[in-house]
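Q: The residues making up each chain are set out below.
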Amino acid sequence: MSTVFIPAVLRANVGGVKSLDLPGDSIRAVVGALVEQHPSLGPQLLTDDGDLNRFVNVYVNGQDVRFLAGLDTPVAPADEVRLLPAMAGG
Amino acid sequence: MPKSFSDLLREARAQVPEVSPAEVDLLLDGPAAPVLVDVREASEWEQGHIDGAVHVAKSYLEQGIESDVPDRSRPVVLYCAGGIRSLFAAQTLSQMGYESVSSMSGGFQQWKAQGYRWTTPPSLSPDQRQRYSRHLLIPEVGLNGQARLLDSKALIIGAGGLGSPAALYLAAAGVGTIGIVDFDVVDMSNLQRQVIHSTARVGQKKTESARATIEGLNPDVTVVPHEEMLVAANVERIIAGYDVILDGTDTFETRYIVNDAAVAAGIPVIHASVFRFEGQLTTFIPYEGPCYRCLYPTPPPPELAPGCSVAGVLGVVPGILGLLQANEALKVLLGIGNTLAGRLLLFDALEAEFTELKLRRDPNCPVCSDAAVQARAEGRPLTVDGVNVEAPFLMTMTGLAGKVSPEARA
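Protein chains in written order, with numbering that gives the first Met the number 0: chain X, 0 to 89; chain L, 0 to 409.
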C-alpha cells in the first residue's frame with residue numbers, strides 16, 4: 000500500500016479525507032485504484048484516453064512523474080504519492 | 000613589571016609578520032587571496048577603504064571576527080590607518096587560533112599614497128543608519144546590502160492577500176522602489192487578510208491605499224502605482240526595469256502572462272498561491288530553474304481552481320506565504336542564500352506542515368526551453384494550444400475546460 004495525499008480541492012470527492020492508502024505497483028495502478036473507489040475523481044485526474052490530465056501534477060516521493068515514467072512510474076509500498084493541481088488564489 | 004606602549008609594540012612586531020601594500024596587492028590578485036580585514040573605526044571606514052575588504056573594528060574584533068571569517072585556516076591580512084592597531088589586532092587573532100595572520104605595514108595611508116585602488120562605501124543618512132541598524136549588523140546584508148536594497152525595484156502584482164504582507168515587509172526592509180499592479184478598490188471583505196489596507200480606505204483604489212500605508216511606514220520607498228489590469232498588451236511595459244516580480248494575483252490568465260513575459264525579460268518571479276488552509280510557493284529564475292509553464296503546462300478548469308472569493312481562505316495563509324515571498328525576493332535582490340528555484344514549497348496550515356517537491360525545467364517548455372528562446376529570437380514565438388499570440392510572449396487563457404470564468408477570480 001502506498002499513501003496517496005489528496006489536495007484540499009479534491010477532498011470532497013473522497014469523503015473529506017487527507018490521504019488514502021491504496022494498492023498498486025505503478026502510478027497507473029494506484030490512480031486506477033483511487034478512481035475505482037471514488038469514480039467522481041476520474042474526469043478530474045484522467046483524460047478520455049486514460050492519460051493524466053496536464054493540469055494535475057503527480058509526485059512520487061517529491062518527484063514529478065512527468066519527468067520519470069509518467070503513469071508507468073513504479074510505486075513501492077512505502078512511497079508517498081501526491082496529487083497537486085495548480086491553485087490561483089492570491 | 001608594567002609594559003609601556005613601546006614594549007608592547009616591540010613584542011607585537013616580533014610576533015606578527017608584516018606585509019607591504021605592494022605585497023598585499025599581489026596577494027589579492029593571486030590564487031589564494033587572503034581575507035583583508037579593516038580594523039579601523041566605522042567613521043574611518045566610511046571615508047574609504049580597500050576594495051573587497053571586510054570591516055571589523057578593532058573594538059569589536061573578538062566579538063565580530065568569527066562571523067566574518069569563520070574559517071581559521073584562511074590567511075588573514077589586517078590593516079588600519081598606519082599599521083599599528085592592526086599589529087595588536089593580529090596578536091588577538093593569533094590567540095583566537097587564526098593560523099595565518101599578518102599586518103599591512105603603513106596601513107591604509109600608505110596604500111592610498113602608493114596609488115592602489117580603494118573605494119568609498121555607500122553612504123546612508125543618520126536616519127537610515129538607525130532605521131536599518133538591524134540589517135547593518137548582519138554581515139550578509141550590511142551597508143552594501145542595504146544600499147543595494149535601496150537601489151532595487153520590486154514589482155508586486157496584486158495588492159491582495161499575498162501582496163499586502165509582502166509589500167509591507169519589502170517596504171520596511173528599504174527596497175527603494177515598489178511597483179504595485181492592481182486595478183481594484185478596497186472592499187470590506189478584503190480586510191480579513193489584506194493588511195496593507197484599512198477600514199477607513201474601503202472604496203479607495205488599492206494602489207493608493209497601499210501607497211499611503213507604505214509611505215507612512217518608510218519614506219525611503221518610492222511606490223509606483225500601476226492601476227490597470229495586467230494583460231498581454233501591457234505586461235512588457237509594466238514589468239520593464241524591475242529586478243524581481245512577486246506574483247500574488249488570483250487568476251491563471253495573469254499568472255501565465257506574467258510568467259511568459261518575465262521569462263522573456265529575464266526577471267525572476269516569486270510565485271505564491273493559496274487555497275483555504277494551503278499554499279504553494281516557489282521562485283522562478285529564468286533559464287536557471289523551471290518556469291510556471293514547466294510546473295503547470297495547462298491551467299485547470301475553473302471548478303478545480305476556485306479563487307479565494309469562491310472557496311475562502313484562512314487569512315493568515317496568504318500572510319505566511321506573502322512573507323515567504325518577501326523573503327525570497329530579499330535573497331534574490333541581495334544575492335544571498337538559496338532560493339526556492341527548482342523546489343515547490345507546500346504549506347498546510349491545519350497540520351502546520353511544510354512539504355517540499357522537486358521541480359524540473361521541461362526540455363519542451365514552450366516558454367523557457369532552448370527551442371522557445373530561439374523561436375523568440377527569430378521573431379516567431381511558439382504557441383500554446385493553438386492560440387496564436389503576439390511576440391515576444393505566449394498567452395493562453397484556455398484550460399481543458401475553456402476560458403477561466405470570472406467566478407474563478409479573486
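Quick caveat, the hints were computed from the structure, so don't treat them as lab data. From the three backbone atoms N, C-alpha and C, an ideal C-beta is built for every residue, glycine too. Among the clues, some could well be false.
Reference excerpt, derived from the structure (chain L facing chain X, CB under 10 Å, subset only) [unchecked claim]:
id, residue
1, Glu-227
2, Val-230
3, Gln-279
Computed far set for chain L versus chain X, every beta-carbon distance over 10 Å [claimed, not checked]:
id, residue
4, Glu-214
5, Ser-272
6, Leu-333
Q: Where does the structure disagree with the numbered hints, that is, which hint numbers, in rising order?
A: Checked against the structure, the hints that fail are numbers 1, 2 and 5, while the rest are satisfied.
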